[in-house]
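*Asks:* These are the residues of each chain, in order.
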Amino acid sequence: MDANGILQILLYVALIVALTPLAGGYMARLYEGKLTWLAWIERLVYRLCGTSADREQHWTGYALSLLAFNLVGALALYGLQRLQGWLPMNPAGMAAVPADLAFNTAVSFTTNTNWQAYGGETTMSYLTQMAGLSVQNFVSAATGMVVAVVLIRGFARQSARSVGNFTVDLTRTVLYLLLPICVVGALALVWLGVPQNLSPYIEATTLEGAKQVIAQGPVASQMMIKHLGTNGGGFFNVNAAHPYENPNAVTNLIHMVAIFVLGAGLTNTFGRMVGDTRQGWAILAAMGLLFLAGIGITAWADAAGNPALAALGVDQALSPWQAGGNMEGKEVRFGIALSALFATITTAASCGAVIAMHDSLMPLAGLAPMVNMMLGEVVVGGVGAGFYGMLIFVILSVFIAGLMVGRTPEYVGKKIEAREMKLAVIVILVFPIGILGLGALALLTGPEAITAPGPHGLSQLLYAYTSATANNGSAFAGFGANTVLHNTLLGLAMLLGRFMVIVPTLAIAGAVAAKKAVPPSSGTLPTHGWLFVGLLVSVVLVVGGLTFFPVIALGPVVEHLSLASGTLF
Amino acid sequence: MWTYLRSALVLVVVMTALTGLAYPLAVTGLAEMIFPWTARGSLIEEDGRVVGSALIGQKFDNPGYFHGRPSAAGEGYDAASSGGSNLAPSSRKLVDDVAARVTAERQANPDEKGGVPVDLVTSSASGLDPHVTPAAAAYQVKRVAAARHVQAEEVRQLLARHTEGRDLGVLGESRVNVLKLNLALDAHWPLRGQGD
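In order, the protein sequences belong to chains A and B. Sequential numbering from 1 applies to the first sequence in full-length UniProt numbering. Sequential numbering from 1 applies to the second sequence in full-length UniProt numbering.
Hint data in this document are derived by calculation from the structure and do not stem from the laboratory. Using N, Cα and C, we set each Cβ at its ideal position, and we do this for glycine too. Keep in mind that a hint or two might mislead.
Straight line, CA to CA, 30 Å or less: simulated DSBU-like cross-link-like pairs of lysine-lysine [stated by the list, open to error]:
#	chain 1	residue 1	chain 2	residue 2
1	A	LYS516	A	LYS422
2	B	LYS142	A	LYS211
3	B	LYS180	B	LYS59
4	B	LYS59	A	LYS211
5	B	LYS93	B	LYS59
6	A	LYS34	A	LYS516
7	B	LYS113	B	LYS59
8	B	LYS113	B	LYS180
9	A	LYS211	B	LYS180
10	A	LYS211	B	LYS93
11	B	LYS59	B	LYS142
12	B	LYS180	B	LYS142
Sample of chain A residues lacking proximity to chain B, with all beta carbon distances greater than 12 Å (derived) [unchecked claim]:
#	residue
13	VAL13
14	GLY217
15	ILE297
Required output: the full structure, derived from the provided sequences and hints.
*Replies:* Structure below.
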């Protein structure tokens with residue numbers, strides 16, 4: 001990769017670091033209830049829902065509200081897909097979505113995964129895209145945010161019984177945070193080239209006289225929330241690689257910033273709400289180290305190009321006239337550097353949008369995104385989800401540090417005791433159960449979905465179950481996932497990866513909220529310095545790495561070694 | 001439990017109205033008013049009929065046109081069914097496909113002796129990539145010039161004018177929009193005897 005590629009990466013990192021305190025400060029004000037300019041809409045919504053802004057819930061009530069909301073949302077989305085053939089705003093005449101695919105998609109969008117076993121422009125009506133998928137883009141993102149906020153409140157409050165009100169938190173997230181950014185952002189995207197219409201598909205006559213039908217739709221409005229909410233579900237089959245979703249490098253920058261800005265900002269919100277912003281920066285620093293490692297591996301592996309093609313007389317060298325590298329499944333306007341950067345961002349966060357086909361990445365370049373997801377997407381992560389995922393690792397880290405010095409661990413003034421540790425371990429176990437357990441079951445019962453021979457075939461299946469469990473949604477798209485078996489198993493993996501994490505997290509929040517703060521003593525491990533950042537990074541790598549190393553070795557690593565020795569499959 | 005479900009149902013309805021209808025419809029209305037051309041898909045019209053979109057690649061086989069990248073979208077550049085090849089780097093099929101394309105490019109451009117630029121023989125992510133690299137365009141200049149009976153240098157100058165730099169000077173890669181370049185070719189030196 002050339003200097004310009006490195007410059008683009010540094011520019012992006014600088015932008016995110018600069019935006020973190022701004023977004024963090026705004027969200028702190030939002031969740032402390034200090035924003036009121038849309039109070040009249042708020043009051044209306046609360047009255048309709050039978051609640052009010054000052055009625056707080058115990059964590060169990062909060063969890064029930066959240067689960068009920070997700071259940072109803074998933075059922076509504078399922079119904080909409082099954083009925084779209086009879087509903088309006090369907091100029092392309094899409095038929096009802098089959099039951100297993102509709103289940104998979106409903107779960108996928110409610111869990112903020114946005115795994116897509118279908119191609120958007122060939123399956124979904126405009127109404128389904130807008131009133132179904134777009135809605136879940138907003139509210140599944142908001143669901144992740146409010147869980148993170150509840151956990152933050154848990155650490156910020158003392159001897160508290162309640163942790164907030166789900167309806168209020170969710171409504172405020174959508175009204176004050178997601179909608180305003182999306183309206184402005186979507187219009188900027190249209191200005192830069194992204195379409196936004198409800199027209200029928202256009203029929204063009206090409207210069208050589210052939211017919212070309214060009215799919216249309218309300219693309220920009222869905223693009224903005226899909227990235228801001230780390231959803232990742234494309235309007236079109238190829239997602240943000242489609243020139244309508246992402247026509248140039250400026251729209252691409254908007255997409256990339258949107259993916260990270262809220263997740264990074266939450267670290268700062270946390271710092272502000274517990275009264276020590278250094279705690280937030282330490283978490284962001286740990287995330288940043290893991291991020292730079294990921295982008296480094298991906299960019300390096302892909303920029304080198306494919307040795308099997310070099311032998312054919314293909315010019316993959318970097319020059320002023322081309323970016324070179326492994327261009328299979330990539331777009332010229334993005335080249336290697338941006339494609340690698342985007343692949344790392346989208347899997348570090350639980351976004352899952354893609355601007356390059358991950359199936360065609362070089363083996364080690366495809367490995368880094370997979371590892372990002374296996375680590376639980378704690379590198380900034382999905383909006384909210386990444387932050388609470390990382391705090392689980394923080395709890396684990398202070399526990400390990402506590403064991404080493406023989407003291408009860410504590411974090412930002414709260415003692416971490418047996419109950420919190422048990423809950424944290426449940427969360428950590430979700431990933432091996434979903435990825436290795438369900439993945440192994442799928443390998444035994446449905447191997448015919450694999451389209452690539454050799455070790456890459458295992459990578460395809462592994463990537464699918466990793467992506468589903470981690471609620472990411474990106475794919476090695478050659479994997480033929482649209483079967484009853486995989487639609488069902490992947491749906492289960494998504495549910496597991498979402499709610500078996502959210503419920504224990506809310507329970508931890510409730511438990512720490514009830515505790516009194518203990519003042520730091522000389523024996524307290526400082527959690528805002530580089531020592532702790534290093535410890536946290538090590539714990540993330542050791543827990544994730546040891547769990548998944550064997551299966552990674554059989555997939556991408558074997559493929560890399562074979563390719564280097566000239567073996568094809 | 002019923003109160004939770006009732007409250008959830010109302011909230012889903014409210015959110016659908018707000019984010020599923022009001023938001024996209026408001027953005028659509030504003031977008032069509034302020035940026036009508038891009039909102040409607042950046043369509044290019046010639047003599048009142050749509051010849052394509054400035055953002056969407058299309059298929060070119062004629063030696064007198066610059067060719068875009070191999071496409072895995074439908075039967076090739078199917079803009080209602082985007083797709084990549086999704087072939088693994090270790091795939092024998094990928095290597096065979098690329099080998100066949102390299103042979104075809106060498107036959108079509110016999111005056112070019114160097115390696116074939118990689119983007120010209122690998123399929124794009126979307127199957128609709130509207131661009132090629134400046135290297136891939138330069139590789140085709142002599143063929144296009146010969147087919148149109150003009151000096152290669154003139155075509156090269158036209159190509160230079162249609163080469164876009166990085167966005168804002170730093171983002172992305174420099175590139176050539178194949179459809180726009182071919183429209184300019186037709187405007188300067190119409191293809192003779194092949195208009196049928």
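*Asks:* Starting from the hint list further up, note which numbers the structure goes against and sort them upward.
*Replies:* 14
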